[in-house]
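**Q** What follows is each chain in one-letter form.
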Amino acid sequence: MKVTVKLIAMDPFSPPGFDSNGIGTFTLADGASLEDLITQLKLPDGIGEAYMTMLNEDAVPISGRAEVPLSEGDEVTVFPAIKGG
Amino acid sequence: MAWHGKLLRVNLTKGTCTPEPLNMDWVKLYLGQRGLGTKYLSEEIDPKIDPLSPDNKLIFVTGPLTGTCASTGGRYSVVTKGPLTGTVACSNSGGQFGGELKQAGWDMVIIEGKSAKPVYLMIVDGQAELLDAEGFIWGETVWDTEDAIKKRHQDPLIRIASIGGAGEGLSRYACIMNDRDRAAGRSGVGAVMGSKLLKAVAVRGTTGVAVNDPKRFLDVTREKRKILDPSPARARYSGLGTMAMMDVTQAHGSLPTLNCREVQFEHIADVNVKKQHTVRKSDGEAPYQGNKACFACSIGCGRMAKIDPDHFSIKGKARYSGVTGGLEYESAYAVGPMCGVQDVEAATYASALCNEHGMDPISFGATVAAAMELFMEGAITTEQTEGHDFSFGNAEALCWAAEVTGTAQGFGKDLGLGALRLCEKYGHPEFAMVVKGQEFPGYDPRAMQGMALGYATSNRGACHLKAAPFQDDFQRVTPDGKAKIVKDSQDYIAAIDSSGLCTFTKAAWGAPDYADQIDAACEGDWTVERLLELGERIYNLERLFNNAAGFTAKDDTLPKRVLTEPAKGGAGKGHVAELDKMLPEYYELRGWTPDGEPTTQTLSRLGLA
Ligand code: SF4
Chain A
412 MKVTVKLIAM
422 DPFSPPGFDS
432 NGIGTFTLAD
442 GASLEDLITQ
452 LKLPDGIGEA
462 YMTMLNEDAV
472 PISGRAEVPL
482 SEGDEVTVFP
492 AIKGG
Chain B
2 MAWHGKLLRV
12 NLTKGTCTPE
22 PLNMDWVKLY
32 LGQRGLGTKY
42 LSEEIDPKID
52 PLSPDNKLIF
62 VTGPLTGTCA
72 STGGRYSVVT
82 KGPLTGTVAC
92 SNSGGQFGGE
102 LKQAGWDMVI
112 IEGKSAKPVY
122 LMIVDGQAEL
132 LDAEGFIWGE
142 TVWDTEDAIK
152 KRHQDPLIRI
162 ASIGGAGEGL
172 SRYACIMNDR
182 DRAAGRSGVG
192 AVMGSKLLKA
202 VAVRGTTGVA
212 VNDPKRFLDV
222 TREKRKILDP
232 SPARARYSGL
242 GTMAMMDVTQ
252 AHGSLPTLNC
262 REVQFEHIAD
272 VNVKKQHTVR
282 KSDGEAPYQG
292 NKACFACSIG
302 CGRMAKIDPD
312 HFSIKGKARY
322 SGVTGGLEYE
332 SAYAVGPMCG
342 VQDVEAATYA
352 SALCNEHGMD
362 PISFGATVAA
372 AMELFMEGAI
382 TTEQTEGHDF
392 SFGNAEALCW
402 AAEVTGTAQG
412 FGKDLGLGAL
422 RLCEKYGHPE
432 FAMVVKGQEF
442 PGYDPRAMQG
452 MALGYATSNR
462 GACHLKAAPF
472 QDDFQRVTPD
482 GKAKIVKDSQ
492 DYIAAIDSSG
502 LCTFTKAAWG
512 APDYADQIDA
522 ACEGDWTVER
532 LLELGERIYN
542 LERLFNNAAG
552 FTAKDDTLPK
562 RVLTEPAKGG
572 AGKGHVAELD
582 KMLPEYYELR
592 GWTPDGEPTT
602 QTLSRLGLA
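Residue numbers (our numbering), protein chains in the order written: chain A, 412 to 496; chain B, 2 to 610.
Just to be clear, a hint being listed does not mean it is correct.
From the structure, some residues in chain A lie toward chain B, with a derived Cβ separation under 8 angstroms [unchecked claim]:
| no. | residue |
| --- | --- |
| 1 | Asp422 |
| 2 | Tyr462 |
| 3 | Met465 |
| 4 | Ala470 |
| 5 | Ile473 |
| 6 | Ala477 |
| 7 | Ser482 |
| 8 | Gly484 |
| 9 | Glu486 |
| 10 | Phe490 |
| 11 | Ala492 |
| 12 | Ile493 |
Subject to a maximum C-alpha distance of 25 angstroms in a straight line, what follows is the list of computed SDA-like cross-link-like pairs (lysine to any residue) [unchecked claim]:
| no. | chain 1 | residue 1 | chain 2 | residue 2 |
| --- | --- | --- | --- | --- |
| 13 | A | Lys453 | B | Ser239 |
| 14 | B | Lys569 | B | Ser239 |
| 15 | B | Lys316 | B | Asp145 |
| 16 | A | Lys413 | B | Gln476 |
| 17 | A | Lys494 | B | Met305 |
| 18 | A | Lys417 | B | Lys316 |
| 19 | B | Lys29 | B | Gly592 |
| 20 | A | Lys494 | B | Ala236 |
| 21 | A | Lys494 | B | Val280 |
| 22 | A | Lys494 | B | Lys316 |
Honestly, the hints are just simulated from the structure, not real lab data. We treat Cβ as the ideally placed atom computed from N, Cα and C, and that holds for glycine.
Given these sequences and hints, build the entire structure.
**A** Laid out in structure tokens, this is it:
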């Protein structure tokens with residue numbers, strides 16, 4: 412299955428695998444979870460850091476990602492765990 | 002140690018500057034900055050006074066780590082009764098001023114009374130005097146004031162905290178600015194300074210700061226930098242700055258837009274961090290020009306910017322052609338999406354004018370947004386706005402508003418009242434996105450339930466810096482469990498705000514990192530437990546001040562719009578702020594009555610009885 416991933420608030424804005432708007436398409440095995448996707452992404456700039464995720468328009472808690480299965484055409488938004496600004 | 006044990010009392014009515022010993026018993030209970038300043042204010046003024054009367058006091062206060070080599074150890078606070086809210090006001094600033102004041106040998110300066118004529122306070126180490134500001138800097142902008150004082154006293158290293166036209170004109174959200182573009186920004190502390198006819202506090206300090214155990218302090222602060230400096234959080238604050246937040250709140254649906262009619266901004270790409278970093282065709286430069294760090298800071302999050310030389314806002318105005326303080330997230334949200342303005346150059350210009358004239362860009366932007374809604378609804382017309390079209394999104398109106406508000410002219414006087422007083426004046430208080438009279442920062446409370454509770458219970462009105470529910474709010478919209486997150490983070494932040502360090506460090510440091518540094522600098526055992534209890538004590542002391550000023554549980558609320566109109570998109574789609582589900586639990590956790598008053602038991606536990 413293919414899902415779209417949008418990276419935001421990242422430096423650089425568009426790491427390898429993502430277009431100039433921070434959007435990339437990724438292929439996953441059927442039945443893969445949101446957690447599997449995050450692991451597969453090997454995100455830059457995040458050594459030891461948590462990433463927040465939204466699936467389509469819903470926020471998904473970090474602790475619940477392994478239980479959230481992905482489906483063809485899902486849109487996942489990923490951003491670093493910013494603690495205020 | 003780490004404190005000099007000395008404060009300067011300046012009586013403007015009598016024209017005297019008198020050194021006094023610092024109350025070291027209070028230091029043990031309130032540390033410095035926010036805590037110690039609030040303790041002095043509570044003891045010295047009646048909470049019921051008019052904040053703009055000579056009875057109010059204005060306290061500049063450092064923390065034990067201010068002026069030391071601890072990373073970010075340059076913070077100071079201004080504590081007073083706030084004219085925007087009527088609550089206790091505590092505004093925290095960085096830059097170089099706080100470190101300089103401490104290095105001059107003072108922990109605190111208490112300003113009282115009212116001068117008969119405009120003056121400025123000049124402090125050179127142990128010497129302090131009041132000098133005439135009339136015909137010199139009164140009436141000048143913040144930037145010109147700083148230049149003039151440095152020139153007159155022949156020292157470019159003098160550090161200055163001053164007010165501009167907004168403070169002189171008693172705008173309810175006037176700031177005290179220091180080092181050109183850093184601000185003790187919120188709640189109108191600059192208007193209190195203006196009401197006292199005090200234009201500036203200028204300081205030159207060469208005496209240094211002694212710590213309790215110098216060797217250990219150097220070792221500990223070095224060790225803490227090894228945690229902070231390589232952290233991803235530091236990389237982001239430095240790389241993209243706070244502006245990175247705008248794309249997050251946009252995606253999450255918590256970006257206050259069009260005076261909170263919307264929670265996402267359709268023109269985000271024209272004002273976000275990427276836009277700031279995009280090279281313009283006109284001059285081949287990007288708005289973002291580099292970073293600026295505060296005293297002793299190894300993060301350096303401050304943005305510097307250059308406005309497009311061809312932009313209408315600065316045509317023929319050479320003073321804005323150079324590099325100046327740039328948009329940070331909070332200013333950018335307010336003068337951008339909140340007003341529907343999609344012109345990054347206009348937003349940068351408006352924010353620069355806020356620095357130049359000394360006004361809080363959050364309150365300014367949110368007040369303009371309220372004015373735009375009044376205009377759209379026909380409650381004000383071009384008659385009030387002097388011919389300007391105040392429709393949402395009009396960048397020209399925003400720039401004009403910044404000019405007239407900063408200089409307190411015409412309709413700018415109305416805008417300087419703040420959103421609540423403006424909307425009341427024109428018959429629509431419901432358009433004011435405020436808590437206790439203070440305008441929202443850049444987080445819509447419908448998708449962020451913790452922020453909703455944080456805004457409602459903040460002791461200085463709507464504020465994003467007094468509680469830290471961000472991480473949890475970005476993960477779930479339900480209100481359960483938020484009360485504890487908000488209460489605990491409020492207490493923790495109150496302690497950090499009293500230390501002399503910057504709140505942004507908490508993205509990399511935990512409570513033990515603060516305790517270790519304070520303990521190495523100060524006498525006595527400074528443990529995590531002691532700091533957290535001290536934070537809770539401060540929070541309750543602020544609450545006692547507000548209660549005595551007349552605030553009750555009914556003031557712990559939010560504008561009707563966010564309580565009744567569901568968010569239209571994002572993670573909070575269909576949700577309203579569910580305060581009623583969180584407040585009772587919050588009061589209980591705090592040890593307050595259902596009326597929001599600390600119980601006698603709570604007060605005696607915290608040593609406040
Ligand atoms: S992190 Fe930013 S605001 Fe805080 S002290 Fe450093 S430069 Fe100043």
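**Q** May I ask which of the numbered hints given earlier this structure violates, with the numbers listed in increasing order?
**A** Hints 2, 6, 7, 8, 9, 14, 18, 21, 22 not satisfied by this model.
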